[in-house]
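Chemist: Put together the whole structure using the sequences plus the hints.
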Amino acid sequence: MTIQEKQQKVVEEFSFLEDWMDKYEYLIELGKNLPPLDDSSKQEKNLIKGCQSRVWLDVRRENGKLFFKADSDALITKGIISLLVQVFSGHTPEEILDSNMDFIEKIGLKDHLSPTRANGLLSMIQQIQMYALVANTEKSS
Amino acid sequence: MNISQIRAQFPALQQKVYGKPLVYLDNSATTQKPESVLEVLREMNGGINGNIHRAVHYLSVACTERYDKARKTIRDFINAASENEIIFTAGTTASLNLLAFSFGQTYVRPGDRIIITQTEHHSNIVPWQMMCQRTGALLEVWEMDDTGALDPKKLEQILDKPGDPPKLLAITHISNVLGIVNPLAEIIRIAHYYQVPVAVDGAQGIVHQKVDVRQMDADFYVFSGHKLYGPTGTGILYGKEKYLEEMVPWQGGGDMIESVSLEKGTTYAQLPLKFEAGTANFTGVAGLGAAVEFVQGLDNGSIEEYEKTLTEKGLQLLREIDGCTIYGMPGTYYGQVYEKIPVFSMSIEGAHPSDIAMMLDKMGIAARSGMLCAEPLLARLNLTSVLRASFALYNTVEELHFFVDSLKKILKILR
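From first to last, the protein sequence lines stand for chains L and A.
The first sequence begins at 37 in the working numbering and counts up one residue at a time.
The second sequence begins at 13 in the working numbering and counts up one residue at a time.
Simulated from the structure, these hints should not be mistaken for laboratory data.
Certain hints may be false.
Derived pair list, reagent style PhoX-like, types lysine-lysine, alpha-carbon separation capped at 25 Å [to be verified]:
1. L:K146 to A:K374
2. L:K146 to A:K28
3. L:K142 to L:K42
4. L:K59 to A:K420
Modeler: Here's what the structure looks like:
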């Protein structure tokens with residue numbers, strides 16, 4: 037599946053969730069089901085500090101594709117992370133750089149990515165894009 | 013005291029969020045404003061608008077009168093000796109920055125010591141760090157114990173070190189995390205015994221306690237308008253006249269001068285205008301005056317009584333929640349009685365504060381999560397985040413119950 041198709045799938049899943057509590061409960065389920073990072077990946081260098089919650093992001097490169105693993109101490113944040121990892125993991129740097137993020141807005145979670153939320157999510161996305169950019173530059177140089 | 017009559021004066025409390033009645037429990041961050049304050053702001057923004065202290069025309073005079081009247085109202089409110097001791101600022105943070113700059117330039121030399129406590133919020137930490145960088149002074153921290161209480165003996169040890177006594181002790185009246193009232197009478201007595209002036213951060217204190225700066229004998233006392241049912245962008249720096257008289261001004265500009273000459277230089281205005289450069293927030297100040305009048309119009313004794321009820325009930329209900337730790341408990345520590353205001357910071361096993369706050373939000377409840385602008389205090393407690401519900405005099409016992417019941421529902425989902 038392309039990144040766009042994966043995003044579409046998430047939007048469809050969310051369209052069945054009527055109110056906010058349902059959305060949060062769904063995200064909490066996703067968060068609980070996302071395997072926690074092992075301690076070796078939960079190092080300071082992978083930590084994105086926010087005032088609200090903390091996020092860890094670990095990246096692996098294999099056969100020209102980027103694979104993400106991530107974790108958070110807060111469950112709703114972790115649920116959103118699970119969506120991001122699901123959408124972006126296993127793609128090439130070009131695919132990641134060419135993609136957009138409208139699915140977050142479409143499922144009504146745009147507020148969670150505002151800089152003032154300080155939950156680490158915005159930094160996490162920037163970090164993913166940064167990894168993709170670096171990987172892309174290394175490849176072409 | 014009739015809470016529903018008080019609530020009725022606050023339009024913001026009548027609104028719904030996400031289709032649910034708003035339950036506003038983030039009062040330590042900012043409070044809602046009563047109709048009497050909104051009326052003043054409307055009236056001034058809508059017409060009574062002329063720059064103060066400079067023109068002879070009707071509007072300027074009308075605004076000047078309101079500005080000066082507010083100063084008198086606030087002098088009476090905190091029982092300052094003179095209106096010269098009341099400086100209008102943009103808020104607690106602005107007051108502390110002013111104080112740190114002007115006090116630092118006037119009195120502090122390299123190697124001097126400045127004391128703060130571990131329970132301060134960032135506004136009462138960072139200005140002093142910056143002052144120490146500018147002056148070469150050293151910042152020393154009066155550490156709290158595991159409960160959040162401050163042992164006066166530790167203060168004496170800090171003050172009693174050989175050499176000159178510290179230049180200043182800056183301490184909060186009530187921590188915005190712990191909600192515990194520091195025994196200032198005893199603390200100020202000790203500091204003054206060692207000839208150390210005391211600056212009190214009253215951002216939370218002024219809202220929940222009757223403050224008499226002369227009885228307390230604080231050398232400086234600062235607070236914000238917006239936490240006291242007044243407009244944002246207003247605040248007070250109270251200082252004893254003997255210090256304010258000597259202190260150099262912070263910002264320069266109009267209104268703070270006596271005479272400006274390009275050849276002979278500038279002479280400054282008398283107090284209090286010396287510290288009020290530029291066009292003052294006269295609309296906000298008039299609104300702050302109205303907010304203080306609103307508080308003065310309430311029966312002080314019954315407010316304290318009512319807040320005590322909220323505190324006791326809140327502690328009782330929250331303690332019934334499995335795995336809930338509340339930070340800042342009332343009691344007797346080091347021979348001093350520590351009272352608590354209805355501010356409840358907590359962590360709950362198996363549930364992250366930010367998850368809880370996000371779900372409370374969608375139930376119509378405004379609560380806080382995170383470090384509460386007090387990172388060192390949280391670090392001391394080995395925490396990265398807490399959940400806080402902070403009550404004001406317009407919150408009801410029903411709201412408290414609704415908060416606790418909602419919390420229990422959320423915990424069932426999260427844990």
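Chemist: Against this structure, judge whether each hint is valid.
Modeler: Results of checking the hints against the structure:
no., hint, in the structure
1, L:K146 to A:K374, "15 Å, holds"
2, L:K146 to A:K28, "22 Å, holds"
3, L:K142 to L:K42, "13 Å, holds"
4, L:K59 to A:K420, "19 Å, holds"
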